[in-house]
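Student: Read off the chains here:
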Amino acid sequence: MWEPNKYRLTQLNPWNIVLIYLVLGFLWILFSDRLLEQLIDDPATLTQFQTYKGWFYVLVTSLLLLLLLMRYSARITHMRSDFLDRLDLYRSLLEQGNQVVLQVDDSQDFSYSNAAVKDILGYDEDEFRCMGDYESIVHQDDRDRFKDIRTVCDAGIRNNEPVKQQVRLRHKNGAWRWYQMILTDKRGFEHIDSRLLLIRDIHEETSMYERLRESQIRFEHLFQEAPVGYHSFGGDFTIIDINKSELNLLGCSREAVVGKKTWADLIVPDDLPTFEQHKKDLLEKGYVENLQYTIVREDGTRRSVILNARAFFDDQDRLLYTLGNVVDMTEQIRAQEEIRELNISLEKKVIERTRDLEMANRELESFAYSVSHDLRAPLRGIDGFSQALADKYAEKLDQRGLQYLDRVCKASQRMGMLIDDLLSLSRITRSELEYEQVDLGAVSREILETLKDREPDRQVDFDVSGDLVVTGDARLLRILMQNLLDNAWKYTSTRDRARIVVDSAEIDGRKTMFVRDNGVGFNMKYHDKLFVPFQRLHTQDDFPGTGIGLATVQRIIGRHGGTIRADSKENEGSVFYLFLPDKSV
Amino acid sequence: MEYSKSRKADTLKRHILLVEDNPDDVALTLMALEKSNILNEVRVARDGEEALQILLGREGEEPPELPAVVLLDLNIPKVNGLEVLREIRSTERIRRLLVVILTSSGEEQDILRGYDLGANSYIRKPVDFEKFVDAVKQLGLYWLVLNEPAV
Chain C
1 MWEPNKYRLT QLNPWNIVLI YLVLGFLWIL FSDRLLEQLI DDPATLTQFQ TYKGWFYVLV
61 TSLLLLLLLM RYSARITHMR SDFLDRLDLY RSLLEQGNQV VLQVDDSQDF SYSNAAVKDI
121 LGYDEDEFRC MGDYESIVHQ DDRDRFKDIR TVCDAGIRNN EPVKQQVRLR HKNGAWRWYQ
181 MILTDKRGFE HIDSRLLLIR DIHEETSMYE RLRESQIRFE HLFQEAPVGY HSFGGDFTII
241 DINKSELNLL GCSREAVVGK KTWADLIVPD DLPTFEQHKK DLLEKGYVEN LQYTIVREDG
301 TRRSVILNAR AFFDDQDRLL YTLGNVVDMT EQIRAQEEIR ELNISLEKKV IERTRDLEMA
361 NRELESFAYS VSHDLRAPLR GIDGFSQALA DKYAEKLDQR GLQYLDRVCK ASQRMGMLID
421 DLLSLSRITR SELEYEQVDL GAVSREILET LKDREPDRQV DFDVSGDLVV TGDARLLRIL
481 MQNLLDNAWK YTSTRDRARI VVDSAEIDGR KTMFVRDNGV GFNMKYHDKL FVPFQRLHTQ
541 DDFPGTGIGL ATVQRIIGRH GGTIRADSKE NEGSVFYLFL PDKSV
Chain U
1 MEYSKSRKAD TLKRHILLVE DNPDDVALTL MALEKSNILN EVRVARDGEE ALQILLGREG
61 EEPPELPAVV LLDLNIPKVN GLEVLREIRS TERIRRLLVV ILTSSGEEQD ILRGYDLGAN
121 SYIRKPVDFE KFVDAVKQLG LYWLVLNEPA V
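As they're listed, the protein sequences go chains C and U.
With the first letter of the first sequence counted as 1, position 113 gets the number 113 in our numbering; the numbers rise by one all the way through.
With the first letter of the second sequence counted as 1, position 50 gets the number 50 in our numbering; the numbers rise by one all the way through.
Hints were generated in silico from the structure; no laboratory data involved.
Note that the structure is predicted; figures quoted are calculated from it, not measured.
For every residue, glycine included, the Cβ atom is placed at its ideal position computed from N, Cα and C.
You may find that some hints are simply not true.
[Claimed, not checked] Among chain U residues calculated to face chain C with C-beta under 8 angstroms, some are:
| no. | residue |
| --- | --- |
| 1 | Asn-22 |
| 2 | Ser-104 |
| 3 | Lys-125 |
| 4 | Asp-128 |
| 5 | Phe-129 |
[To be verified] Incomplete in silico selection of chain U near chain C, CB under 10 angstroms:
| no. | residue |
| --- | --- |
| 6 | Asp-25 |
| 7 | Ala-27 |
| 8 | Leu-28 |
| 9 | Ser-105 |
| 10 | Glu-108 |
| 11 | Phe-132 |
| 12 | Val-133 |
Please take these sequences and the hints and turn them into a complete structure.
Tutor: This is the structure we're talking about:
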């Protein structure tokens, strides 16, 4: 505590002392001489005594003076050491303190700055004092506030309230930091003699505060704007806080519920017993999850919600408040219901379609049946009666007539073949697949042996090797191999040494089987027509056939989910590549 | 032995019942039988009802003579071939009759149902007349000569 009076040297005014001295001296001179004249008559003795009296007076006053001076001196010494002690204390406080202290005198210059300026602002004392343009280190947004301080400074020294401002200053290292500036009067012993500008680094606390504020704003935003309802119930389960989403969900205003309603007021009466049970659970466990409720909005409509809540207790395990979130499940439940209904109608549709499909299939089957039965009958008639004509009336027909009859027979037989092939193709499409392991190598060998038996004169080399075990319908795969090998056999018939290879290889990373022959091949230009029913690439005279074989092959492959492609060079041979996907039995 | 011999001789004398609605097919079958030297009398029923009438006779009259073999087409009017077959197999007097299905249909389901109902044989009529003649010849040889009938 600064006590200027303590350092006053005396309570007595020096003028008073001099006055007292003058009065005493006057009284002494006036009365001492008169007393001596009455006591001593002898003039010589009187003169002598007057001299003694003079000496006595000087001696007494000297002693008094000495006494006074000694007393004063002791007091000054004591005061001085006390003063220096305090000065040290204040200086060390000043220098070690965490704020910049600047003394501003009347010329607006800083006549003093403490060493903290280096620590706090990064500048050397002299550098800072001589900076001149202080505004340049004040943040642009804070210059108005800085000017407030300047205005007070410019107004000159007078009794002012301290001015406080928070501004951002640029530290010498270039970083902007928050500082508090305080401009205050400096009081001397008697009066205000200058001002002090104090600068304190408040960056950490300010930014912490800022961050806290920011996070509070964020939290508030989140709380209010989240698509989920949030609320807090007090110890008596009255709503003490609620966010916008939940208010929207309830369709009422904050004022209508906060402090007035409990959860029980918001739910349908049927849910009340459940709520009582849930309250118990919450108090027991401290939390509850996935509680289903139906709430009644202010307009009377209902909503299905899911509630999660957590309870917070005081030291005596009394409920302080709860925090809960509410998710509106109405749409979801409705959507689920819709999906269920859609599924049901879809199922109905599927059943209808299946019925339609089955009907179409039955029609197709009856068509196939009538093709098989009814179309063949007239053909048999044509063939049979032509034959009878040739047998019984041969002598009545000339050579050409007999030839025509032969052609009629051949044509009807060919049509019979076409009908049969067409039927077998449709049967392949209709029949159910039965998957099993099939060794196409064994099947191929068997077929080739049969072909060889049929035409023992032909020179044909077989090479059936490699991994030819596949999964598929044994009956259909046999038909497939039969067709491919029949073709290979047929189209190599013009070769002196025919060669038919059945093998497998890894092509494009998957096991692929192939059937290769050195027959007449075909022009790749017609590759696309190869697998089309009744499309033939050779004349009936060169190679007889109905053009249904490869269509059958492709259909069988297709039914197994596989692929087939052919590669050929005219007069060099053909290769058929088969890929069948691996289907576990 | 005596007994069986007499029955076999009987088989060759007994008639053949051809159940067939298509006159062309009737003519062709007759031609084929003739070509195969099968000389049995052939009676023709134009539909299933007529076939059953021939086999069962009229009520109150003496039951008619049974054919050596019935050549049965499936796709016939009124009562179809498979129904005729079912009727034959469920009628005590004629249930052991030889029935050979002779039809255009090669449908698997027809073949299976034919055998299920107790057909003795199933022959698909080929389009080629020569093959048809061949088939009829073998049919006659087997069912009329080699086979030992029950009735």
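Student: Each hint: holds or not?
Tutor: Evaluated hints:
Because the beta carbon of Asn-22 (chain U) sits about 6 angstroms from the nearest beta carbon in chain C, less than 8 angstroms, this interface hint is met. This hint holds: Ser-104 (chain U) has a C-beta 4 angstroms from the nearest C-beta of chain C, less than the 8 angstroms allowed. Because the closest C-beta pair between Lys-125 (chain U) and chain C is about 6 angstroms apart, less than 8 angstroms, the hint holds. Against a cut-off of 8 angstroms between C-beta atoms, the interface hint on Asp-128 (chain U) holds, since the closest Cβ of chain C lies about 5 angstroms away.
Interface restraint check: Phe-129 (chain U) against chain C, minimum CB-CB distance 4 angstroms, threshold 8 angstroms, status holds. A hinted interface residue such as Asp-25 (chain U) counts as satisfied when its beta carbon comes closer than 10 angstroms to some beta carbon of chain C; here the least separation is about 6 angstroms, so the hint holds. Contact between Ala-27 (chain U) and chain C, as hinted, is supported at the beta carbon level, the nearest pair being about 8 angstroms apart and thus within 10 angstroms. Nearest Cβ of chain C to the Cβ of Leu-28 (chain U): about 4 angstroms, under the 10 angstroms cut. The hint holds.
A distance limit of 10 angstroms between C-beta atoms decides the matter here; for Ser-105 (chain U) the minimum to chain C is near 5 angstroms, and the interface restraint holds. The interface hint given for Glu-108 (chain U) is met, as the beta carbon of that residue sits about 8 angstroms from the closest beta carbon of chain C, less than 10 angstroms. Taking 10 angstroms as the C-beta cut-off, the interface hint given for Phe-132 (chain U) holds, the closest approach to chain C being about 7 angstroms. Using the Cβ-Cβ criterion of 10 angstroms, the hint placing Val-133 (chain U) at the interface with chain C is satisfied: the shortest such distance is roughly 8 angstroms.
Consistency note: the structure conflicts with none of the earlier hints.
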